[in-house]
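Engineer: Fit chain to chain and form the complex, with the hints in mind.
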Amino acid sequence: AQSVTQLGSHVSVSEGALVLLRCNYSSSVPPYLFWYVQYPNQGLQLLLKYTTGATLVKGINGFEAEFKKSETSFHLTKPSAHMSDAAEYFCAVSPKGAAGNKLTFGGGTRVLVKP
Amino acid sequence: GAGVSQSPSNKVTEKGKDVELRCDPISGHTALYWYRQSLGQGLEFLIYFQGNSAPDKSGLPSDRFSAERTGGSVSTLTIQRTQQEDSAVYLCASSLGSLGGGTDTQYFGPGTRLTVL
Chain Z
10 AQSVTQLGSH VSVSEGALVL LRCNYSSSVP PYLFWYVQYP NQGLQLLLKY TTGATLVKGI
70 NGFEAEFKKS ETSFHLTKPS AHMSDAAEYF CAVSPKGAAG NKLTFGGGTR VLVKP
Chain Y
944 GAGVSQSPSN KVTEKGKDVE LRCDPISGHT ALYWYRQSLG QGLEFLIYFQ GNSAPDKSGL
1004 PSDRFSAERT GGSVSTLTIQ RTQQEDSAVY LCASSLGSLG GGTDTQYFGP GTRLTVL
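Heads up: the protein sequence lines correspond to chains Z and Y, in order. The first sequence begins at 10 in our numbering and counts up by one. The second sequence begins at 944 in our numbering and counts up by one.
Be careful, since some hints might not be right.
To be verified - Distance condition first, Cα-Cα at most 27 Å in a straight line; then the derived DSSO-like pairs of lysine-lysine:
(1) Z:K105 to Z:K67
(2) Y:K960 to Y:K1000
(3) Y:K1000 to Y:K958
(4) Z:K105 to Y:K960
(5) Z:K58 to Y:K1000
What the hints assert, rightly or not - Rough simulated footprint, nothing fancy, chain Z against chain Y, three-plus residues with beta-carbon under 8 Å:
(6) 986 to 994
(7) 1051 to 1059
Unchecked claim - Partial selection, computed: residues in chain Y whose CB lies under 8 Å from chain Z:
(8) G971
(9) A974
(10) D999
(11) L1034
(12) S1038
(13) T1046
(14) D1047
(15) T1048
Simulated from the structure, these hints should not be mistaken for laboratory data. Remember, predicted model here, so these are calculated numbers, not experimental data. C-beta atoms are modelled at their ideal positions from N, C-alpha and C, and glycine is treated no differently.
Isolated chain Y (complex conformation) (with noise of 0.2 Å):
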C-alpha cells in the first residue's frame, strides 16, 4: 500500500516568509511525528500527535514552529518568519498508536528539503 508522504519535496523561501509543509501518513495510522534532520543537529524529535491531538511537543524549537493535524489524518508543520538556521530536512513518521506502548514501528516519508536563503 502507499507509504508516508511528503510534500514538497523541496522548498526554498527567503528569510522572513512562511512556509507550510504537508505530511499524509499511511492510512489508518493514528500516530504522526515530525522530526528535523540538520548537519548541525542531527536527527531531532519535533512533535507527537495522536489523532488530531498533540500530547508531546517538547521539541518544537521556537514558536515560529507549530502544528496541526485534522481529520486524524493529514498534518500540517508550519514555521513563520523561517530562518536560515531552519533549513534542514523535515521527516514525517506514522505509526498504528498504541498507548504507553513505544513499540510501534514508524513508517517515515521522504522528508521535505527547506532552505531558507
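Same shape as in the complex, but just chain Z (with noise of 0.2 Å):
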C-alpha cells in the first residue's frame, strides 16, 4: 500500500523567503507525484506533477518540485514567498500502472506568509 508524509502541519514564512514543503512516499514501484493546493473553501488546484523525464518539475506560480528517487522524495520550493501564497499544501501519490488516477494524499502542511 502506498503512503505519503509531509513533515510539518505548518510552516510558517516570510514574505520574500524561501517556501520548502517536505514529502515522502513509500512505495514499493516509484509512483507518479503529485502537489496540489487548496485555498480557503476552494476545491484542490494543481501545483505540479511528476510523470516521467526530468526529476525537476515546474509548476504554476513559480512553484517546483524536485523526485529524489534515492530518497523516495517530492519536496516543493520556491524561492520567494508572496502573501497569496498562503494555503494548504498536499502531496500526493497514485500508483503506476493501474486504471484510473486514484490519489493518496499526505496530511496537508498550511503555510502563514508574514508581512
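Structural biologist: This is the structure:
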C-alpha cells in the first residue's frame, strides 16, 4: 500500500523568503507524484506533477519540485514567498499501471506568510 | 470553460437521515472521483468512475455509502442513515480519463460540506 508523509502540518515563512514543503512517499514502485494547493473554502488545484522524464518539475505560481528516487522524496519549493501563497498544500501519489488515477494524499501543510 | 460543480455547497442533516450529494464534471471528462476531507482522516479516496462503471469502490467506508453515475456525466453520492462521523467535506474531481495511465490531471470541485447533527 502506498503512503505519503508531509513533514510539518504548519509552516510559517516571511514574505520573500524560501518556501520548502517536504513530502516523502512509501511505495514498492515509484508512483506518479503530485502537489495540490487548497485555498480557503475552495477545491484543490494542481500545482505540478511528476510522471516521467526530468526529475525537476516546474509548476504554476513559481513553484517547483524535484523527484529524488533514492530519498523517496518530492519536496516543493518556491524561492520567494508571496502573501498569496498562504494556503494548504497537499502532496499526493497515484500508482503506476493502475486503471484510473486514485490519489493518496499526505496530511497537508498549512502555509502562513508573514509580511 | 465551466469547471466541476457540486451541489449543495452546504448540507446540514440530522443523524439517521439520508443525503444525496451531486457532482457535475467537466464536459467530456470520462473519469470521475469522489474524495472525503475530514479533520480526523484528512483527504481520503472514496470511489472512481470510468464512464458509468465504478472499477474502484475500495474507499467507500461502509455499505451506507453508495454512488452512481448516469450518462457518463453527473454523479450522485448517497449516504444512508447518516452518522456524526460522516460530517466532512465531500470533494468531486474529474479528468479526461486514460486507461492504465494514472497521469491525468484531476480537476476538483469546491466540495459539499456535510454536517450531521
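Engineer: With reference to the structure, classify each hint as holding or not holding.
Structural biologist: Now the hints, each set against the structure:
1. With a C-alpha separation of about 21 Å, the suggested pairing of K105 of chain Z with K67 of chain Z holds against the 27 Å cut-off.
2. For the suggested pair K960 of chain Y and K1000 of chain Y, the alpha carbons sit about 23 Å apart, so the restraint of at most 27 Å is met.
3. At most 27 Å may separate the alpha-carbon atoms for a hinted pair to count; K1000 of chain Y and K958 of chain Y meet this at roughly 24 Å.
4. Distance check on the hinted pair: K105 of chain Z and K960 of chain Y sit about 39 Å apart at the alpha-carbon level, beyond 27 Å; violated.
5. For the suggested pair K58 of chain Z and K1000 of chain Y, the alpha carbons sit about 25 Å apart, so the restraint of at most 27 Å is met.
6. Taking a C-beta to C-beta cut-off of 8 Å, the region 986 to 994 of chain Y contributes 5 residues in contact with chain Z, enough for the three needed, and the coverage statement holds.
7. Coverage of the region 1051 to 1059 of chain Y by chain Z holds. Counting CB-CB distances below 8 Å, 4 residues qualify, and the rule asks for three or more.
8. A least Cβ separation of about 16 Å between G971 of chain Y and chain Z goes past the 8 Å threshold, and the interface hint is therefore violated.
9. For A974 of chain Y, the suggested interface contact is upheld, since its CB lies about 6 Å from the closest CB of chain Z, less than 8 Å.
10. With a least beta-carbon distance of about 6 Å to chain Z, the hint placing D999 of chain Y at the interface is held under the 8 Å criterion.
11. A distance limit of 8 Å between C-beta atoms decides the matter here; for L1034 of chain Y the minimum to chain Z is near 6 Å, and the interface restraint holds.
12. This hint holds: S1038 of chain Y has a C-beta 6 Å from the nearest C-beta of chain Z, less than the 8 Å allowed.
13. Here the hint on T1046 of chain Y is kept, as its CB sits about 4 Å from the closest CB of chain Z, short of 8 Å.
14. For D1047 of chain Y, the interface hint holds, since its Cβ comes within 8 Å of a Cβ in chain Z; the closest pair sits about 5 Å apart.
15. Using the Cβ-Cβ criterion of 8 Å, the hint placing T1048 of chain Y at the interface with chain Z is satisfied: the shortest such distance is roughly 5 Å.
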